[in-house]
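Peer 1: Spelled out, the chains give:
Number of protein chains: 2
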Amino acid sequence: MEFKVNSKELEKLLGKIIPAVPTRTPMPILENFLFEVKDGQLTVYATDLEISLKSSLNVVTEENIKLVVPARLLNDIVRSLKETTIHFKLTTNKKLNLITDTGKYSLSYLDPEEYPEIPTITADKNNKDINEVNIDGLELKQAFEKSAFAMSKEEMRPAMMGTLFEFTEEGLRFVTTDGHRLVNLLKKNIKANFNQQYVIPERAVSVLMKVLDEKEVKIHLTKTYVSFKLSDIELITRLIAQKYPDYSSVIPLENEYLMKVNAKEIHDSIKRMMLFSTSSTRRVKFSISKENLDISAEDLDIGASGEEKVACSYNGENLEIGFNSAYVNDILNHIVGEEEITFKLHSPTKAVIIEPVQKKENQDVLMLLMPVRLNT
Amino acid sequence: MEFKVNSKELEKLLGKIIPAVPTRTPMPILENFLFEVKDGQLTVYATDLEISLKSSLNVVTEENIKLVVPARLLNDIVRSLKETTIHFKLTTNKKLNLITDTGKYSLSYLDPEEYPEIPTITADKNNKDINEVNIDGLELKQAFEKSAFAMSKEEMRPAMMGTLFEFTEEGLRFVTTDGHRLVNLLKKNIKANFNQQYVIPERAVSVLMKVLDEKEVKIHLTKTYVSFKLSDIELITRLIAQKYPDYSSVIPLENEYLMKVNAKEIHDSIKRMMLFSTSSTRRVKFSISKENLDISAEDLDIGASGEEKVACSYNGENLEIGFNSAYVNDILNHIVGEEEITFKLHSPTKAVIIEPVQKKENQDVLMLLMPVRLNT
Numbered sequence: 000m001e002f003k004v005n006s007k008e009l010e011k012l013l014g015k016i017i018p019a020v021p022t023r024t025p026m027p028i029l030e031n032f033l034f035e036v037k038d039g040q041l042t043v044y045a046t047d048l049e050i051s052l053k054s055s056l057n058v059v060t061e062e063n064i065k066l067v068v069p070a071r072l073l074n075d076i077v078r079s080l081k082e083t084t085i086h087f088k089l090t091t092n093k094k095l096n097l098i099t100d101t102g103k104y105s106l107s108y109l110d111p112e113e114y115p116e117i118p119t120i121t122a123d124k125n126n127k128d129i130n131e132v133n134i135d136g137l138e139l140k141q142a143f144e145k146s147a148f149a150m151s152k153e154e155m156r157p158a159m160m161g162t163l164f165e166f167t168e169e170g171l172r173f174v175t176t177d178g179h180r181l182v183n184l185l186k187k188n189i190k191a192n193f194n195q196q197y198v199i200p201e202r203a204v205s206v207l208m209k210v211l212d213e214k215e216v217k218i219h220l221t222k223t224y225v226s227f228k229l230s231d232i233e234l235i236t237r238l239i240a241q242k243y244p245d246y247s248s249v250i251p252l253e254n255e256y257l258m259k260v261n262a263k264e265i266h267d268s269i270k271r272m273m274l275f276s277t278s279s280t281r282r283v284k285f286s287i288s289k290e291n292l293d294i295s296a297e298d299l300d301i302g303a304s305g306e307e308k309v310a311c312s313y314n315g316e317n318l319e320i321g322f323n324s325a326y327v328n329d330i331l332n333h334i335v336g337e338e339e340i341t342f343k344l345h346s347p348t349k350a351v352i353i354e355p356v357q358k359k360e361n362q363d364v365l366m367l368l369m370p371v372r373l374n375t
Numbered sequence: 000m001e002f003k004v005n006s007k008e009l010e011k012l013l014g015k016i017i018p019a020v021p022t023r024t025p026m027p028i029l030e031n032f033l034f035e036v037k038d039g040q041l042t043v044y045a046t047d048l049e050i051s052l053k054s055s056l057n058v059v060t061e062e063n064i065k066l067v068v069p070a071r072l073l074n075d076i077v078r079s080l081k082e083t084t085i086h087f088k089l090t091t092n093k094k095l096n097l098i099t100d101t102g103k104y105s106l107s108y109l110d111p112e113e114y115p116e117i118p119t120i121t122a123d124k125n126n127k128d129i130n131e132v133n134i135d136g137l138e139l140k141q142a143f144e145k146s147a148f149a150m151s152k153e154e155m156r157p158a159m160m161g162t163l164f165e166f167t168e169e170g171l172r173f174v175t176t177d178g179h180r181l182v183n184l185l186k187k188n189i190k191a192n193f194n195q196q197y198v199i200p201e202r203a204v205s206v207l208m209k210v211l212d213e214k215e216v217k218i219h220l221t222k223t224y225v226s227f228k229l230s231d232i233e234l235i236t237r238l239i240a241q242k243y244p245d246y247s248s249v250i251p252l253e254n255e256y257l258m259k260v261n262a263k264e265i266h267d268s269i270k271r272m273m274l275f276s277t278s279s280t281r282r283v284k285f286s287i288s289k290e291n292l293d294i295s296a297e298d299l300d301i302g303a304s305g306e307e308k309v310a311c312s313y314n315g316e317n318l319e320i321g322f323n324s325a326y327v328n329d330i331l332n333h334i335v336g337e338e339e340i341t342f343k344l345h346s347p348t349k350a351v352i353i354e355p356v357q358k359k360e361n362q363d364v365l366m367l368l369m370p371v372r373l374n375t
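For the protein sequence lines, the chains are U and B, in the order given.
So in numbering that gives the first Met the number 0, spot 69 of the first sequence is number 68, and the numbers just go up one at a time.
So in numbering that gives the first Met the number 0, spot 258 of the second sequence is number 257, and the numbers just go up one at a time.
Identical copies look the same in the list; a pair holds intra-copy or inter-copy alike.
The calculated DSS-like cross-link candidates involving lysine-lysine, where the alpha carbons are at most 27 Å apart (straight line), are: (1) LYS284 / LYS93; (2) LYS140 / LYS242; (3) LYS103 / LYS263.
Treat the hints as calculated values from the structure; they're not laboratory data.
Since the model is a prediction, treat every value here as computed from it, not as a measurement.
Can you build the whole structure from these sequences, using the hints too?
Peer 2: If you want it as structure tokens, here you go:
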């Protein structure tokens, strides 16, 4: 069995698939690619049992075969080659040889039977169990980028370790939360002909952020799997089977005190105050009055403290409220490109809403942050 | 006590001094800067007891004082500020306050008595114990960059953990070796009016590589210390007190077989072969004949192997010789910008000399590499 392929084309393809190869796994077989050569096409698969990636390219061959090859070593070899034709050839002693004009490289391969099965979702308009929607790749990427940071890392509540993907009449809603902060992002221009909730695991989101581009993405959703079909690669992920918590019940409606502040000024100030907040609590204090936001922090361990003034415009009663400075920083990192932001407050113990002052036409974004107690 | 300083000027100064602050030290006092305000000048010192750095700038003040302040915290604060005037002020309760238009930051400081003494070398033409030489900063930097990689990390032989700085009639010679490879670099255009050997510790070399620029460096050398005076910073380092081994005795003179090879081609090939060399030995095999260098490697642990052909021109008998691929790669990384290189060989067990084909007018560079046995 043999086939020929251009090294740079193969490098591009392997580079797209390798993100699905796990770095540490109790199942060494997952550190391999599955190669399938069929009817003049090479399809490469990788999976960590939660997500799988596949992509294809045309090769010169006359036979069909499946084999399992070490993913990182093959990727490293192909990346290190100049543009050339690689001649893949199986030998009788279970070796895969890669032959170029100047070199010959030999790897061990495994039989395809040892590789786990890759799930497939076949598009079928008549199958009511499969929902289908097309989304602009960049829009999807930006929505993930704005929201992914707030997903939980705690295994106690598995649903919160993913991103809620909620198709509603208003549009597609992305929700993430770890109990301390929450992002609620509505893309009004993404409409589907069904209303349904799906919870996409963190790893699928993080790989998608790497591979999405401006091309359209075809999404097929079943009760257990979602497939994201990009122009040259397909990602299939298992869905998180748990129901997502009722996020709307935690978003306060009566936060009547509004503080408007320059986004960059408050962000710069928070970054400096992080230097002074005690590493165990990371607490900063906001003292808010009509035209002045005083931000202060104190690190008792090293005997250092800092305080800064930021101009604001505030319509409520004077208020002192504490936050985890790292969480405030996370939120400000993800409200990018906004000139002014609004903090909607009610009391030192009630969740705070942070929103851009300037609303976008097709998008509603709301970030929620829980305060921390000041007198502990 | 108070003084005022521009934040960006102070940021620049602290950024130059902080490389001398140790990251892990059993003496926490060394994680501080020593600040000395005297006659309208602020001088900042840092030391790890082996090297010390100092630099000064003008400040607005009417008093003189010394104090010890936390280095990383102060550096982080000053870096995070926009351009502004910082007003430094000592309070009665042992706090150092930094006051700007919008913020106030408070740090604990320590008394200067707790800080170790910083050695000084006072230039004095009449003192015969002090040698003096001026060197172009870039030339010195490039010489360190070409040779530093071969310094030993083994504490068994302290002299080899430094760079030999040998002033001779031919010029200034830089020698580094760890017993497996050796760099011998002669700068013929750097002449001094004395012949002497000095061994500069690794940390001084690595900090100098960061701070050297195109300006001239004034060097003062005593038996125990060297001072490098740059335009705006001074580094003083303790010398390694041990005698440097006799490097010239290990450089073979009778290597009569010459192999000329394209530097980039052999380097690319070595990088690929590193993927196949067993991680414990990292061995590659060179099989050299008149016009062909075959490079091969085998990783028995994973059952992979590779071999490549590189064109060469060789005047000796056919030869098989083994090397540590990482060491070959190191050497090729540091023979930068050369089109062709020569390997001077004698036998599979004898040290090999690697040199650029094209000699530079003011510089002789010789790299030496010990082979490894093939049949183990």
